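Residue numbers (our numbering): 1 to 318.
Think of the hints as simulated: they come from the structure by calculation, not from any bench.
These figures come from a predicted structure and were not determined experimentally.
A virtual CB, placed ideally from N, CA and C, is assigned to each residue, including glycine.
Any given hint might turn out to be false.
As a list, the in silico DSS-like pairs of lysine-lysine whose alpha-carbon atoms are at most 30 Å apart [to be verified]: (1) 179 / 65; (2) 182 / 65; (3) 182 / 247; (4) 179 / 247; (5) 71 / 182; (6) 71 / 179.
For each label pair, taking beta carbons as the anchor points, the in silico distance ranges come out as [as the list claims (entries may be wrong)]: (7) 72 / 272: 45 to 55 Å; (8) 65 / 217: 19 to 29 Å; (9) 213 / 59: 35 to 45 Å; (10) 59 / 236: 13 to 23 Å.
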Amino acid sequence: MKHIEKNRTAYFLLVLANVIWGGNFVIGRLGAEYFPPITFSLLRWSVAFLLLTPFMVRPVLRDSKVLWSYKWIILLLSVTGVAGYNTIIYYSLHFTTSINASIVNSATPLFIAIFSFFMLKERLSVLQATGIFLSVIGIIFIISKGSFETLQAFKLNLGDLFVLVAVVSWSIYSIVIKKYSKILPAFTTLYVTSFVGILILFPLSLLEIMQTDAAVTFNLESLLILGYVGCFASIVAFISWNTGVAKIGAAKSGIFINLLPVFATLFAIVFTEEDLLWYQIAGGFIVILGVMLSSRKNGTALQKLSKPVTVTKNFEKR
Numbered sequence: 001m002k003h004i005e006k007n008r009t010a011y012f013l014l015v016l017a018n019v020i021w022g023g024n025f026v027i028g029r030l031g032a033e034y035f036p037p038i039t040f041s042l043l044r045w046s047v048a049f050l051l052l053t054p055f056m057v058r059p060v061l062r063d064s065k066v067l068w069s070y071k072w073i074i075l076l077l078s079v080t081g082v083a084g085y086n087t088i089i090y091y092s093l094h095f096t097t098s099i100n101a102s103i104v105n106s107a108t109p110l111f112i113a114i115f116s117f118f119m120l121k122e123r124l125s126v127l128q129a130t131g132i133f134l135s136v137i138g139i140i141f142i143i144s145k146g147s148f149e150t151l152q153a154f155k156l157n158l159g160d161l162f163v164l165v166a167v168v169s170w171s172i173y174s175i176v177i178k179k180y181s182k183i184l185p186a187f188t189t190l191y192v193t194s195f196v197g198i199l200i201l202f203p204l205s206l207l208e209i210m211q212t213d214a215a216v217t218f219n220l221e222s223l224l225i226l227g228y229v230g231c232f233a234s235i236v237a238f239i240s241w242n243t244g245v246a247k248i249g250a251a252k253s254g255i256f257i258n259l260l261p262v263f264a265t266l267f268a269i270v271f272t273e274e275d276l277l278w279y280q281i282a283g284g285f286i287v288i289l290g291v292m293l294s295s296r297k298n299g300t301a302l303q304k305l306s307k308p309v310t311v312t313k314n315f316e317k318r
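Working from the sequences, and respecting the hints, build out all of it.
This is the structure:
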């Protein structure tokens, strides 16, 4: 009880971060009505970048030499973390529900473990391997809608498959972050990768608008959506998460990520009138069970990644 009382603020901030990120999936689906996906991602990071700029100019000047020395790593992080992941997620929400997207996205830690095994040569524990297997089963169950006939006919939801592509992009990002976490300064790296991501997204956004029928609509609701994803999902949640992690540690904080699909589901039911279907409940339970199993063993790839990844990555993930 004393431990809980002592860390009450930290737990509150960790829950708050996942409440905001859960809402981001729902808001992202609503934003699809006003912005095409690449433009939506561009506008989101432009808002976040502008809000952060007054606080980051001096730190960037201070760290400019080391950032320039690793410019190609910065570019890779920008492509996979800012331009890649977020854009693909917003694109997927044109084809799938926010509930499905958040549940499939919750398998991200397991994909990180798989990539760390092949790219960093870190071994998987038995619990991790079991967790990965269960989560794959859960994901297949969700995207097949619990139907063996659907699975046989390969009639999978295109949006769910895009979420899996986004998860792969984020896993690569996380591996690179882990490898260079002791070299690149965390906050200025995030700020600069956001800027580079904006440079990448800008010409793609112009092409998207010119070559498609998609229109960009600015009204009170769309501006509120941009305010949420640019300020709350990209800044407030990031600060809350990092503060909570600093207080109780990354390993203990990691389990709170499993709250994201729970909040995303609740918000989707309340605000977008999405139906909670039986295969989403069953598949989501299997995915979360797999994540929890894979996080239990000390010294696994997932836990070794958790400290540099959870503090740094979640600023751009959701």
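Now for the hints, and whether the structure bears them out:
1. 179 / 65: This hinted pair holds, its Cα atoms lying about 19 Å apart.
2. 182 / 65: holds, 15 Å
3. 182 / 247: Roughly 20 Å between the alpha carbons, so the hint for residue 182 and residue 247 holds.
4. 179 / 247: Judged against 30 Å, a Cα distance of about 24 Å means the pair holds.
5. 71 / 182: Roughly 16 Å between the alpha carbons, so the hint for residue 71 and residue 182 holds.
6. 71 / 179: holds, 15 Å
7. 72 / 272: 45 to 55 Å: violated, 40 Å
8. 65 / 217: 19 to 29 Å: Given about 43 Å between the Cβ atoms, the range is violated.
9. 213 / 59: 35 to 45 Å: Holds, since residue 213 and residue 59 (Cβ atoms, about 42 Å apart) stay within the stated range.
10. 59 / 236: 13 to 23 Å: With Cβ atoms ~19 Å apart, the hint holds.
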